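**Q** Sequence:
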Amino acid sequence: MIQDFEPEATRRDTGDAESSHASRGWWDRNADEYQSEHGAFLGDDRFVWGPEGLDEAEARLLGPAGSLKGLDVLEIGAGAAQCSRWLAAQGARPVALDLSHRQLQHALRIGGDAGRVPLVEADAGALPFADGAFDLVCSAYGAVPFVADPAAVFREVRRVLRPGGRWVFSVTHPIRWAFPDEPGPEGLTVAASYFDRTPYVEQDEQGRAVYVEHHRTIGDRVRDVVAGGFRLADLVEPEWPAWNSQEWGGWSPLRGNLIPGTAIFVCVRD
Numbered sequence: 284m285i286q287d288f289e290p291e292a293t294r295r296d297t298g299d300a301e302s303s304h305a306s307r308g309w310w311d312r313n314a315d316e317y318q319s320e321h322g323a324f325l326g327d328d329r330f331v332w333g334p335e336g337l338d339e340a341e342a343r344l345l346g347p348a349g350s351l352k353g354l355d356v357l358e359i360g361a362g363a364a365q366c367s368r369w370l371a372a373q374g375a376r377p378v379a380l381d382l383s384h385r386q387l388q389h390a391l392r393i394g395g396d397a398g399r400v401p402l403v404e405a406d407a408g409a410l411p412f413a414d415g416a417f418d419l420v421c422s423a424y425g426a427v428p429f430v431a432d433p434a435a436v437f438r439e440v441r442r443v444l445r446p447g448g449r450w451v452f453s454v455t456h457p458i459r460w461a462f463p464d465e466p467g468p469e470g471l472t473v474a475a476s477y478f479d480r481t482p483y484v485e486q487d488e489q490g491r492a493v494y495v496e497h498h499r500t501i502g503d504r505v506r507d508v509v510a511g512g513f514r515l516a517d518l519v520e521p522e523w524p525a526w527n528s529q530e531w532g533g534w535s536p537l538r539g540n541l542i543p544g545t546a547i548f549v550c551v552r553d
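Per the numbering used here, the very first residue in the sequence shown carries number 284; after that it's consecutive.
Some hints here could point you the wrong way.
[Stated by the list, open to error] Estimated spans, in silico, between C-beta atoms of each pair:
#1 Ala340 - Asn540: 15 to 25 Å
#2 Leu471 - Thr500: 29 to 39 Å
#3 Gly490 - Ser350: 45 to 55 Å
#4 Glu291 - Ala409: 43 to 53 Å
#5 Ala416 - Val473: 41 to 51 Å
#6 Ile501 - Gly353: 27 to 37 Å
It should be emphasised that the hints constitute simulated quantities derived from the structure, not laboratory data.
Keep in mind that this is a model prediction, so the values were computed, not measured.
All residues carry an ideal CB built from backbone N, CA and C; glycine is no exception.
Could you put together the complete structure from these sequences and hints?
**A** Structure follows, in structure tokens:
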């Protein structure tokens, strides 16, 4: 579905319900374009943590090689389930969850190991699973940047995790909020306060949000992790690799060699 209006970009407060409604609508409308533009980079069965191209096959943030076999894994904000297919290939038992119906349709379109990966359409703030259902929960840019109360999501993640399980998620690095979302030289000058937590909102003519993204500082993210009942084991800031020449939104080799674009939080449920 193509929207027939040019949304207005602004910064204003928005709560859980409005954020969730906007995210579902935006991803349903833009899933086709997103998969067409980024599908080749993401692959059909590859686990990429962000635009830098850090691959879980090398990073092993979910655990050592061979340790995923037999684990029950939940992927939140799975999109077309590329990461879940990679997990299935490692012998894990993944479940791919996304808010967007259209994104999950792309998971079915790609097929392959997705045929044996259960697909669940649900909100990350209300996970439809029993307590202690999973050994591991992960998310590559899914859900967390788009929710008003991430600590509430983290508490849900903790509920469905078994003791000792990991919760590993990547988000836009908070420092990027101080810079324009441009890949070229114009994106290298600070244009806003890093400490301004006012959400970025795109809205229609009636002022209804059609896209929402929430800013948290690094300190906020750490406090959210703790408030969610987790111990922070690692914080990874991927460096831009020499092989990656692509631009993706505000991510680019120029900016990536100067400022971090992604933050990956490795959390443990003790």
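**Q** Run every hint past the structure and note whether it holds.
**A** Here is how each hint holds up against the structure:
Judged by the Cβ atoms, the range 15 to 25 Å given for alanine 340 and asparagine 540 holds: they are separated by roughly 23 Å. Separation of leucine 471 from threonine 500 is about 20 Å and departs from the stated range, judged on CB atoms against 29 to 39 Å. The hint said 45 to 55 Å for the Cβ distance between glycine 490 and serine 350, and at roughly 49 Å that hint holds. Hint check: glutamate 291 to alanine 409, Cβ distance near 30 Å, so the stated range 43 to 53 Å is violated.
Checked against the hint of 41 to 51 Å, the pair alanine 416 and valine 473 passes, with Cβ atoms roughly 44 Å apart. For isoleucine 501 and glycine 353, the hinted distance range of 27 to 37 Å is satisfied, since their beta carbons lie about 34 Å from each other.
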